[in-house]
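Student: What follows is each chain in one-letter form.
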Amino acid sequence: MTTTSLAQSTPSRRFDVLYWLRRLSRNFILRRVLMALAKIYVVITLTFFIVRLMPTNPIEAYVNELIDQYGFTYQEARDQAAALYGIDLEASLWTQYLEYMKNLLHGDLGTSYRSKGTPVAKMIAKFLPWTLFSVGVSLLISFTLGMLLGMIMAYRRGSVLDHVLTTIASIFSSIPNYLVGMMILVFLGVQWKIFPITKMRGAMSPGMKPELSWAFIKDIFYHATMPILTYVLTTIGGWMLAMKSNTINTLGEDYVTVAKARGLKESRIITSYVGRNASLPLFTQLAISIGFIVGGSALIEFIFVYQGVGQLLLNSINYRDYPVMQGVFLVITIAVILANFLAEFVYGWLDPRIRVQ
Amino acid sequence: MKSATENVPSDGQFTLKVEDLWVTYLAERGKVKAVRGVSFTLRPGETLAFIGESGCGKTTLGLSLIRLLPSTAEVEKGHILYRRDTEVMDVLQMNDRELRQFRWKECAMIFQGAQNAFNPVLRIWAQVLDTARSHGVTNKKEIRQRMEDLFRLVQLEPERVLRAYPHQLSGGMRQRVLIALGLLLKPPLVILDEPTTALDILTQRSVIDVLRDIKEKMDFSLILISHDLSLAAELADRVATMYAGKLVEVANVWDTYYHPLHPYTVGLIHAVPTLAGEREELISIPGSPPDLIDPPKGCAFHPRCPYATEKCRTEEPPLIPVAQDHEVACWHWQQVQEDGGQRMMVYSEAKAG
Chain F
96 MTTTSLAQST PSRRFDVLYW LRRLSRNFIL RRVLMALAKI YVVITLTFFI VRLMPTNPIE
156 AYVNELIDQY GFTYQEARDQ AAALYGIDLE ASLWTQYLEY MKNLLHGDLG TSYRSKGTPV
216 AKMIAKFLPW TLFSVGVSLL ISFTLGMLLG MIMAYRRGSV LDHVLTTIAS IFSSIPNYLV
276 GMMILVFLGV QWKIFPITKM RGAMSPGMKP ELSWAFIKDI FYHATMPILT YVLTTIGGWM
336 LAMKSNTINT LGEDYVTVAK ARGLKESRII TSYVGRNASL PLFTQLAISI GFIVGGSALI
396 EFIFVYQGVG QLLLNSINYR DYPVMQGVFL VITIAVILAN FLAEFVYGWL DPRIRVQ
Chain G
322 MKSATENVPS DGQFTLKVED LWVTYLAERG KVKAVRGVSF TLRPGETLAF IGESGCGKTT
382 LGLSLIRLLP STAEVEKGHI LYRRDTEVMD VLQMNDRELR QFRWKECAMI FQGAQNAFNP
442 VLRIWAQVLD TARSHGVTNK KEIRQRMEDL FRLVQLEPER VLRAYPHQLS GGMRQRVLIA
502 LGLLLKPPLV ILDEPTTALD ILTQRSVIDV LRDIKEKMDF SLILISHDLS LAAELADRVA
562 TMYAGKLVEV ANVWDTYYHP LHPYTVGLIH AVPTLAGERE ELISIPGSPP DLIDPPKGCA
622 FHPRCPYATE KCRTEEPPLI PVAQDHEVAC WHWQQVQEDG GQRMMVYSEA KAG
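Protein chains in written order, with this note's numbering: chain F, 96 to 452; chain G, 322 to 674.
Fair warning: there could be bad hints in the mix.
Said to hold, decoys possible - If we take Cβ atoms under 10 angstroms as the criterion, some of the chain G residues that face chain F in the derived model are: (1) LEU389; (2) ASP411; (3) LEU413; (4) ASP417; (5) TRP425; (6) ALA429; (7) ARG444; (8) GLN448.
Stated by the list, open to error - With a cut-off of at most 20 angstroms between alpha-carbon atoms, the simulated SDA-like pairs for lysine to any residue come out as follows: (9) F:LYS355 to G:TRP446; (10) F:LYS355 to F:LEU336; (11) F:LYS360 to G:LYS352; (12) F:LYS355 to G:LEU390; (13) F:LYS304 to F:PHE228; (14) F:LYS355 to G:LEU506; (15) F:LYS360 to G:THR459; (16) G:LYS352 to G:LYS672; (17) F:LYS355 to G:GLY457; (18) F:LYS360 to G:SER392; (19) F:LYS355 to G:LYS352; (20) F:LYS355 to G:LEU450; (21) G:LYS672 to G:ASN573; (22) F:LYS355 to G:PRO391; (23) F:LYS355 to G:ASP451; (24) F:LYS355 to G:VAL442; (25) F:LYS360 to G:PHE423; (26) F:LYS355 to G:GLN422; (27) F:LYS355 to G:THR393; (28) F:LYS355 to G:LEU504; (29) F:LYS360 to G:TYR668; (30) F:LYS355 to G:ARG454; (31) F:LYS360 to G:LEU506; (32) F:LYS355 to G:VAL458; (33) F:LYS355 to G:PRO441; (34) F:LYS355 to G:SER609; (35) F:LYS360 to G:ARG454; (36) F:LYS355 to G:PHE423; (37) F:LYS360 to G:SER609.
Please keep in mind that the hints were generated in silico from the structure rather than gathered at the bench.
Values in this document were obtained by computation on a predicted structure and should not be read as measured data.
Virtual Cβ for every residue (Gly too), placed ideally from N, Cα, C.
Generate coordinates for the entire structure from the input sequences, incorporating the hints supplied.
Tutor: Okay, here's the thing in structure tokens:
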């Protein structure tokens, strides 16, 4: 290779690199992915430090438990705890942080302090599906049902039905979900014995094998009934009210009047002209609410003894099980970011006006 | 009271015959009488323009013809007779199904401000298909062919427009898309409500040219609702002047512009500056349109009229034929005819100056 040809090829190659870098920086999807990764990093870091800022630490928590429950003296409890944990809590925060990040980059979420040696990833994998299942089903039910009822309310606005539904929706959307959960437990479970709460505990019946069978599906729905009922009751009101006001606004749009003038069938106007446009803003809200519900599932799962990730989070907080807490928060963060990510694409697909060119 | 049926040709042919139509809106203060006893006949193939100030009931009249009034409005009485071949139907008596089929297939209404006339999430082609299918036309090829022809007629690129979403088209283009879509099912009757409002002056020009061209090439009756007198002058065969929910003058386009017999029409036409005219400022009609909740007794125009006498304050003038193709509702039309509306013009200018 001669020097001249080398001199000629280098600038053009560098030009290419710059060109591709510029193309990449303009790439919509890539930009979003990078943003998402940055958000995840910030949340991981914040979680790491905030978790350690909480009063007491895993050993203290265990020591207190031993003293309270088993009447250990402080020294005994302390020795026992140190032997059990065998971790160096004295290491500087920075060292711990760097260690954690290094492991995380290798896909290692660490091991639980409390259930010694159990990988956090394994614990999450065991609990998360149940939360995703119960929350997912509830969202699906409350979103579709809420939209339907909201549209009915808008079409029948001013009627008795509208007033009744609006009142119910406002009441239910303003009660915290754990209160609704406790009321279901107390009235439907204990007082009126409609739900056999001892049988419905857990995510599935003992001895049930996870498989694709009718019996299994029936069983997991049976065990998820009360959490699902709680989520649906507490979220459906919001969808109803939002859909009602969106529908009323859409009904006043020119294109709906013109659609009527064009002699379109009423069913076509309701679905493609009113419904589709009125529901657009709800899809953004849907993405946001996914995060909220996963985060808010802790108390519900605790109330109904449902083995989801919320239950796991609550326990890990009690024991100050840092790796598990961090792991769960990481999962919730990723869930929210992923949901928003998806929402943007779904929204672009539904609404051509903001579609990415 | 004699009605416009006087002017129906002897064979009694008409496309649309409106008889004594009354429309009111429910408002907090009371009933707004937006249309008060309007009668007119639309002959096959003709263009009838309705002119008048904002709030005189033009659009309400147009909407009531296809029964698309808002829920606060009510047709109190009257008949809207639509004729197709030998069959005569009363639009006000149609059931939901008949009404749906009547709309667009028999009578297409092209709205003012077509900016938001299309569903923002569907492509134009999908909305064309929606329209055709709702009226039982399912042959995609045939629809496509017809729509492409119509788009060329309104000077649009068929390929591009059919594929576009509404927001990708300009206001003038959307207006033309709506006009073309209006003609898709070859309706015998088309209502154009302020087709050029909200468009810039050049776009207005091209839309008007398109409308004239279409009217020449295709056979349908047209009702044009506009406050734009020059638009009416260009397109209409006959002009009906509306004031306070009533027709005050119905005449052929020549008579309306050169020999108006109602003081209000005189004032309205005098108010429009001509391009070559010496006036630069607008000469408006003194006073403002009346309150339609409690319209003035007698002739509704009397508070603003220099010809008004005691009779005008108490007795309502009927719309009577005064010449071939010319009806007017004024007690003093002969005076107006004598002085050529001079008194009205002087009155307007004095108040304006």
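Student: Does each hint hold? Answer for all of them.
Tutor: Right, here's what the structure says about each hint:
1. For G:LEU389, the interface hint holds, since its Cβ comes within 10 angstroms of a Cβ in chain F; the closest pair sits about 6 angstroms apart.
2. Residue-level restraint check for G:ASP411 is violated (minimum Cβ-Cβ distance to chain F is 18 angstroms; threshold 10 angstroms).
3. The criterion of a C-beta within 10 angstroms of any C-beta in chain F is not met by G:LEU413, whose closest approach is roughly 17 angstroms, and the hint is violated.
4. The restraint placing G:ASP417 at the interface with chain F holds, with a minimum CB-CB distance near 8 angstroms, inside the 10 angstroms limit.
5. Checking G:TRP425 against chain F by beta carbon gives a least distance of about 4 angstroms; that is within 10 angstroms, so the hint holds.
6. Interface hint status for G:ALA429: upheld, as the beta-carbon distance to the closest one in chain F is roughly 8 angstroms, under 10 angstroms.
7. Of the supplied interface hints, the one on G:ARG444 holds, with its beta-carbon coming within about 8 angstroms of a beta-carbon of chain F, less than 10 angstroms.
8. This hint holds: G:GLN448 has a C-beta 8 angstroms from the nearest C-beta of chain F, less than the 10 angstroms allowed.
9. Restraint check for F:LYS355 and G:TRP446: satisfied, since their Cα atoms lie roughly 18 angstroms apart, inside the 20 angstroms limit.
10. At most 20 angstroms may separate the alpha-carbon atoms for a hinted pair to count; F:LYS355 and F:LEU336 exceed this at roughly 25 angstroms.
11. Note on F:LYS360 and G:LYS352: the hinted pairing is violated, with a Cα-Cα distance of about 32 angstroms set against a maximum of 20 angstroms.
12. Between F:LYS355 and G:LEU390 the alpha-carbon distance is near 11 angstroms, which keeps this suggested pair within the 20 angstroms criterion.
13. Between F:LYS304 and F:PHE228, the direct Cα distance comes to roughly 16 angstroms. Compliance with the 20 angstroms bound is thereby established for this hinted pair.
14. Restraint check for F:LYS355 and G:LEU506: the C-alpha separation of about 15 angstroms stays at or below 20 angstroms, so the hint holds.
15. A distance of roughly 14 angstroms separates the Cα atoms of F:LYS360 and G:THR459; the hinted pair therefore holds under the 20 angstroms criterion.
16. The straight-line distance between the Cα atoms of G:LYS352 and G:LYS672 is roughly 32 angstroms, outside the 20 angstroms bound, and the hint therefore fails.
17. For the proposed pair F:LYS355 and G:GLY457, the alpha carbon gap of about 16 angstroms is at most 20 angstroms, so the pair holds.
18. Proposed proximity of F:LYS360 and G:SER392 is supported: the alpha carbons are some 19 angstroms apart, at most 20 angstroms.
19. Between F:LYS355 and G:LYS352 the alpha-carbon distance is near 26 angstroms, which puts this suggested pair outside the 20 angstroms criterion.
20. At roughly 15 angstroms between alpha-carbon atoms, F:LYS355 and G:LEU450 fall within 20 angstroms of each other, so this suggested pair holds.
21. For the suggested pair G:LYS672 and G:ASN573, the alpha carbons sit about 30 angstroms apart, so the restraint of at most 20 angstroms is broken.
22. A distance of roughly 12 angstroms separates the Cα atoms of F:LYS355 and G:PRO391; the hinted pair therefore holds under the 20 angstroms criterion.
23. Proximity of F:LYS355 to G:ASP451 is assessed by CA-CA distance (about 11 angstroms); at most 20 angstroms being required, the pair is judged to hold.
24. Among the hinted pairs, F:LYS355 with G:VAL442 is consistent with the structure: their alpha-carbon atoms are about 17 angstroms apart, no more than 20 angstroms.
25. With a C-alpha separation of about 12 angstroms, the suggested pairing of F:LYS360 with G:PHE423 holds against the 20 angstroms cut-off.
26. About 11 angstroms separates the Cα atoms of F:LYS355 and G:GLN422, which keeps this hinted pair within 20 angstroms; it holds.
27. For the given pair, F:LYS355 sits about 17 angstroms from G:THR393 by alpha-carbon distance, which is consistent with the 20 angstroms threshold.
28. Distance restraint check for F:LYS355 and G:LEU504: the Cα-Cα separation of roughly 16 angstroms lies within the 20 angstroms cut-off, and the hinted pair is therefore satisfied.
29. For a cut-off of 20 angstroms, the pair hint linking F:LYS360 to G:TYR668 is broken: about 53 angstroms separates their Cα positions.
30. Between F:LYS355 and G:ARG454, the direct Cα distance comes to roughly 14 angstroms. Compliance with the 20 angstroms bound is thereby established for this hinted pair.
31. At most 20 angstroms may separate the alpha-carbon atoms for a hinted pair to count; F:LYS360 and G:LEU506 meet this at roughly 16 angstroms.
32. Distance hint between F:LYS355 and G:VAL458 is fulfilled; the C-alpha atoms sit about 17 angstroms from each other, no more than 20 angstroms.
33. Using a Cα cut-off of 20 angstroms, the hinted pair F:LYS355 and G:PRO441 holds, with the two alpha carbons roughly 16 angstroms apart.
34. Annotation: proposed proximity of F:LYS355 to G:SER609 is violated, straight-line Cα distance about 34 angstroms (limit 20 angstroms).
35. The straight-line distance between the Cα atoms of F:LYS360 and G:ARG454 is roughly 9 angstroms, inside the 20 angstroms bound, and the hint therefore holds.
36. In summary, the hint linking F:LYS355 to G:PHE423 is supported, as the alpha carbons are separated by about 11 angstroms, within the 20 angstroms threshold.
37. In summary, the hint linking F:LYS360 to G:SER609 is not supported, as the alpha carbons are separated by about 42 angstroms, beyond the 20 angstroms threshold.
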